[in-house]
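Chain by chain, the residues run as shown.
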Amino acid sequence: QQQVKQSPQSLIVQKGGISIINCAYENTAFDYFPWYQQFPGKGPALLIAIRPDVSEKKEGRFTISFNKSAKQFSLHIMDSQPGDSATYFCAARESGGGADGLTFGKGTHLIIQP
Amino acid sequence: DAGVIQSPRHEVTEMGQEVTLRCKPISGHNSLFWYRQTMMRGLELLIYFNNNVPIDDSGMPEDRFSAKMPNASFSTLKIQPSEPRDSAVYFCASSRASGTIPGELFFGEGSRLTVL
Numbered sequence: 001q002q003q004v005k006q007s008p009q010s011l012i013v014q015k016g017g018i019s020i021i022n023c024a025y026e027n028t029a030f031d032y033f034p035w036y037q038q039f040p041g042k043g044p045a046l047l048i049a050i051r052p053d054v055s056e057k058k059e060g061r062f063t064i065s066f067n068k069s070a071k072q073f074s075l076h077i078m079d080s081q082p083g084d085s086a087t088y089f090c091a092a093r094e095s096g097g098g099a100d101g102l103t104f105g106k107g108t109h110l111i112i113q114p
Numbered sequence: 001d002a003g004v005i006q007s008p009r010h011e012v013t014e015m016g017q018e019v020t021l022r023c024k025p026i027s028g029h030n031s032l033f034w035y036r037q038t039m040m041r042g043l044e045l046l047i048y049f050n051n052n053v054p055i056d057d058s059g060m061p062e063d064r065f066s067a068k069m070p071n072a073s074f075s076t077l078k079i080q081p082s083e084p085r086d087s088a089v090y091f092c093a094s095s096r097a098s099g100t101i102p103g104e105l106f107f108g109e110g111s112r113l114t115v116l
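As they're listed, the protein sequences go chains A and B.
In this text, residue positions in the first sequence follow our numbering: the first is 1, and each later residue adds one.
In this text, residue positions in the second sequence follow our numbering: the first is 1, and each later residue adds one.
In short, the hints are calculated from the structure, not lab data.
Going by beta-carbon spacing under 10 Å, a handful of chain B positions derived as facing chain A:
1. Gly3
2. Cys92
3. Arg112
Output of the computed footprint for chain B on chain A, the stretches with three or more beta carbons under 8 Å from beta carbons of chain B:
4. 40-49
5. 102-114
Computed far set for chain A versus chain B, every beta-carbon distance over 10 Å:
6. Ser7
7. Leu11
8. Gln14
9. Lys15
10. Ile20
11. Glu26
12. Gly60
13. Ser65
14. Phe66
15. His76
16. Met78
17. Pro82
18. Asp84
Since we're looking at a predicted model, the values are computed, not measured.
Where is the CB? At the ideal position from N, CA and C, for every residue including glycine.
The shape of chain A in the complex, shown without the other chains (with noise of 0.2 Å):
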């Protein structure tokens, strides 16, 4: 059972627009949905993080948008750039688990074209 599905499995925007991922999840007992970057040959990299008490949190051109009736979050990219080019996989930790654990997304892969 797949707990946090995540869409579009790929996506191509061009330079300077809107990068849109979506992601939606089941379990309310999800506390922390942090949001993980990946180049080719690397490894996932902590971008940007929500807990569900806010409803939005912006870093620079990265915001995550977090709706917590709908169970649903999302990642929008503004001014997107071509470094941006990525896989952007959404994330989710169950609370008093004990550990740091989490369950990931399957990822979106995003182009930006200049």
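Chain B: place on chain A using the hints.
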């Protein structure tokens, strides 16, 4: 500071052979995770350790997989015997459980395994 160090970066082996992947976590981190990445299944958590103790190995595919963490600075993931369907990129990650940012995992660069 050195990040998570994994070896080998690439491994090509034949079906039935034993494979051992190695990981050195970031010094001071007390949680260690092994993930497997494939196109079909994405990133899957195989096992994690807290203070060198295995906490949850429910993600380990089957008895052919085993993991150890003999001390705070070293962990291994072993596959014996290996099968073609084990071909994937295996990531080790570490975190400081009491850190200020919960859930921030620091990943190594991965070990790409190909089983022929």
